[in-house]
Amino acid sequence: MNPAEFPALGVINYTTRHLGPVIRDGIPRLDIHMSHTTRDGFAEVWPAQGVVLSGEDQGIVHARDGVHMFCAGRIAPAPAYVKSARDAYMTALDLLASAGYTEIFRVWNVIGRINDDNAEGLEIYQDFCRGRAEAFEACAPEASRIPAASGVGALGEGISFYLLAARPGRTTSIENPLQVPAYRYPERYGPKSPTFARATHLRPPDGADGADRICVSDTAIYVSGTAAIRGHESLHIGDVEAQCRMSLDNIAELLAPGNIGRHGLSGPTGLASMRQVRVYVREQADIPLVRRLCQEAFPVATDISFLNVDLCRRELLVEIEGIAHDH
14 MNPAEFPALG
24 VINYTTRHLG
34 PVIRDGIPRL
44 DIHMSHTTRD
54 GFAEVWPAQG
64 VVLSGEDQGI
74 VHARDGVHMF
84 CAGRIAPAPA
94 YVKSARDAYM
104 TALDLLASAG
114 YTEIFRVWNV
124 IGRINDDNAE
134 GLEIYQDFCR
144 GRAEAFEACA
154 PEASRIPAAS
164 GVGALGEGIS
174 FYLLAARPGR
184 TTSIENPLQV
194 PAYRYPERYG
204 PKSPTFARAT
214 HLRPPDGADG
224 ADRICVSDTA
234 IYVSGTAAIR
244 GHESLHIGDV
254 EAQCRMSLDN
264 IAELLAPGNI
274 GRHGLSGPTG
284 LASMRQVRVY
294 VREQADIPLV
304 RRLCQEAFPV
314 ATDISFLNVD
324 LCRRELLVEI
334 EGIAHDH
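Going by our numbering, the sequence shown opens with residue 14, and the numbers climb by one from there.
No lab work stands behind these hints: they were computed from the structure.
Owing to the predicted nature of the structure, the values given are computational and were not obtained by experimental measurement.
Don't take every hint at face value.
Distance ranges between label pairs, derived from CB positions [unchecked claim]:
{"no.": "1", "residue 1": "Gly-79", "residue 2": "Leu-248", "range": "38 to 48 Å"}
{"no.": "2", "residue 1": "Ala-255", "residue 2": "Val-193", "range": "18 to 28 Å"}
{"no.": "3", "residue 1": "Arg-258", "residue 2": "Ala-298", "range": "12 to 22 Å"}
{"no.": "4", "residue 1": "Asp-252", "residue 2": "Gln-71", "range": "42 to 52 Å"}
{"no.": "5", "residue 1": "Pro-90", "residue 2": "Ala-56", "range": "17 to 27 Å"}
{"no.": "6", "residue 1": "Ala-298", "residue 2": "Gly-79", "range": "41 to 51 Å"}
{"no.": "7", "residue 1": "Val-64", "residue 2": "Ala-132", "range": "43 to 53 Å"}
{"no.": "8", "residue 1": "Glu-246", "residue 2": "Glu-150", "range": "23 to 33 Å"}
{"no.": "9", "residue 1": "Val-193", "residue 2": "Glu-150", "range": "13 to 23 Å"}
{"no.": "10", "residue 1": "Arg-305", "residue 2": "Gly-79", "range": "39 to 49 Å"}
{"no.": "11", "residue 1": "Val-64", "residue 2": "Pro-90", "range": "34 to 44 Å"}
{"no.": "12", "residue 1": "Arg-305", "residue 2": "His-49", "range": "17 to 27 Å"}
{"no.": "13", "residue 1": "Asp-38", "residue 2": "Gly-79", "range": "13 to 23 Å"}
{"no.": "14", "residue 1": "Pro-312", "residue 2": "Gln-71", "range": "34 to 44 Å"}
No residue lacks a Cβ here, since even glycine has one placed at the ideal position from N, Cα and C.
Turn these sequences into a full structure, and let the hints steer you where they fit.
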């Protein structure tokens, strides 16, 4: 373990190459190939709340601060991914369990060649989902504790992932009444359904001082990657504007006061509560239109970033995720 005082829990660089994960200066770091040029890249920094203990176990870098735990890993390119994905996730889940951070509230999965077939003829995304599901089944989380997640393409090969977890009693999964829960998708979408909730509600830790820090002291809702899906069907095939508008409508329904209350929760509601937004767009040429639609939908102060990558279904053209805060 490398103790460090008040650093970050983790740093993710969205850049022009894959690198890591590594521990540098006591901080877990992972570079993900998601940008076409250095000009398009950016860093995502997850702040810590106190003294951080960081380390590396079986290829998973991790850090914890007494409130949250961060893990990041990379799965090397392979003919098939079910075993390596299962093993990597099992390592991360075991680390979280042994440290007492048993409630994952957000996961990002970045998958190279996501829509291509593996050596066995199964789509790589479906191959990954099978391994991830087997890992989660082994620890048997309740449906109310399945985390928010995104699964999108990368510009290189292999799979990178990172996640954030809390101590017990702070998270609740949120579903959208307009959509079938992803973990109940029919078999047509793969041998194992994707293991994620539409969002996760994270209440403040006991004794929070109200400081305005992401994922720490205010009530937050972590919105999963959201696309033009109703029920379990993709809609508006080939129409990026209609898909973007439906994605925004789905987030609005997810964060509607009635839906938040239906889950027995209070906290941020509506698109106006979204403070950080990330938008994945399949075609570079569609980004100006998608940018305009998102800027019209979200408050001026919302931090919106755009990435040009493939998505989890071949027919989907845009996917939107973010974090909603209650102040």
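### Query
That 18 to 28 Å hint for Ala-255 and Val-193 (C-beta), does it hold up?
Between Ala-255 and Val-193, where Cβ atoms are some 20 Å apart, the hint holds.
### Task
Note whether the CB distance of Asp-38 and Gly-79 lies within 13 to 23 Å or breaks it.
holds, 20 Å
### Task
Given the hint of 17 to 27 Å, check if Pro-90 and Ala-56 actually sit that far apart at their C-beta atoms.
The hint (17 to 27 Å, Cβ to Cβ) holds, given that Pro-90 and Ala-56 are roughly 24 Å apart.
#### Entry: Status of the given 12 to 22 Å range, CB of Ala-298 versus CB of Arg-258
holds, 18 Å
### Task
Could you tell me whether the CB distance from Val-193 to Glu-150 stays inside 13 to 23 Å?
Hint holds: Cβ distance 19 Å, inside 13 to 23 Å.
### Task
Check the following: the C-beta atoms of Asp-252 and Gln-71 are separated by a distance inside 42 to 52 Å.
holds, 45 Å
### Query
When you take the CB atoms of Arg-305 and His-49, is the distance between them in 17 to 27 Å?
About 21 Å separates the Cβ atoms of Arg-305 and His-49, which means 17 to 27 Å holds.
### Query
If you check the beta carbons of Arg-305 and Gly-79, does the distance land in 39 to 49 Å?
holds, 43 Å
### Query
Measuring from beta carbon to beta carbon, are Glu-246 and Glu-150 in 23 to 33 Å?
holds, 26 Å
### Query
Per the hint of 43 to 53 Å, is the separation of the Cβ atoms of Val-64 and Ala-132 within bounds?
About 45 Å separates the Cβ atoms of Val-64 and Ala-132, which means 43 to 53 Å holds.
### Query
Taking the CB of Val-64 and the CB of Pro-90, does the distance hold inside 34 to 44 Å?
holds, 37 Å
### Query
Between Ala-298 and Gly-79, does the C-beta distance stay in 41 to 51 Å?
Holds, at about 47 Å.
In terms of the numbered hints stated before, the structure departs from none.
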